[in-house]
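Colleague: Sequence:
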Amino acid sequence: WISVSVSESQTVEVQPGEDVTLLCSNISKHPTQTEWFRLLNRTKPSCISSMYESGSEALFCDGYQEGKFEMSANVSTVFLKIKRVDLSDSGLYFCGFYRNTHTVIASATYLNVQGNGESDEVDFKAEKEPDGMKNLLSVILGGLAVFLTIIVIVLVVKIRKLQTAVNEEPQPERNKV
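Using the numbering used here, read the sequence shown as starting at 41 and increasing by one per residue.
The hints are simulated quantities; they were obtained by calculation from the structure and are not laboratory data.
Think of the CB as a built atom: it goes at the ideal place given N, C-alpha and C, for glycine as much as any other residue.
Hints should not be assumed to be uniformly reliable.
Claimed, not checked - Here are the in silico distance ranges between beta carbons for each label pair: (1) Thr-61 <-> Asp-102: 21 to 27 angstroms; (2) Tyr-92 <-> Asn-175: 47 to 53 angstroms; (3) Gly-57 <-> Asn-81: 21 to 27 angstroms; (4) Asn-81 <-> Leu-202: 58 to 64 angstroms; (5) Asn-140 <-> Leu-99: 21 to 27 angstroms; (6) Val-179 <-> Thr-61: 41 to 47 angstroms; (7) Asn-140 <-> Gly-183: 49 to 55 angstroms; (8) Asn-114 <-> Gln-154: 26 to 32 angstroms; (9) Asn-175 <-> Glu-110: 40 to 46 angstroms; (10) Asn-140 <-> Leu-177: 41 to 47 angstroms; (11) Val-52 <-> Leu-99: 20 to 26 angstroms; (12) Gly-57 <-> Ser-96: 26 to 32 angstroms; (13) Thr-51 <-> Thr-83: 17 to 23 angstroms.
Turn these sequences into a full structure, and let the hints steer you where they fit.
Modeller: So this is what it looks like as structure tokens:
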């Protein structure tokens, strides 16, 4: 599971068909393996591309085409260019550097490809979860309202019975003088 706080990530918004270049600060002082990843289904990191040092050739991971993605770097920044984005390119992208036997995540960017009013499977999936949460909250709140209404009715009935019992109880006459 990967968790990125809002302060550690940024959002980039683009229109479908545009090219976008994501940036990552190069945190390594020496040549090292550098990779771009994308988070799939909110839980599974997927390698997009990797390179050993700036100026070297980028290698692309399974499922990612060189024509769609371009990885490059200079001394201070690592770039991932995505050409002709579409809605399916929306998601969390992050870069990592291999340091001291493990990968260090340097930064994360959420790419938001703006819709053009047409429905898309990616948008549907993204909105389905919050709606599910709203439905669950609605059911819980509805059940709570019904439960509290029943409690109020039971209490009203008990109070009336007590008042009726008190009213029907024979009242002893006050001391006669």
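Colleague: Of the numbered hints stated earlier in the document, which are not met by this structure?
Modeller: none
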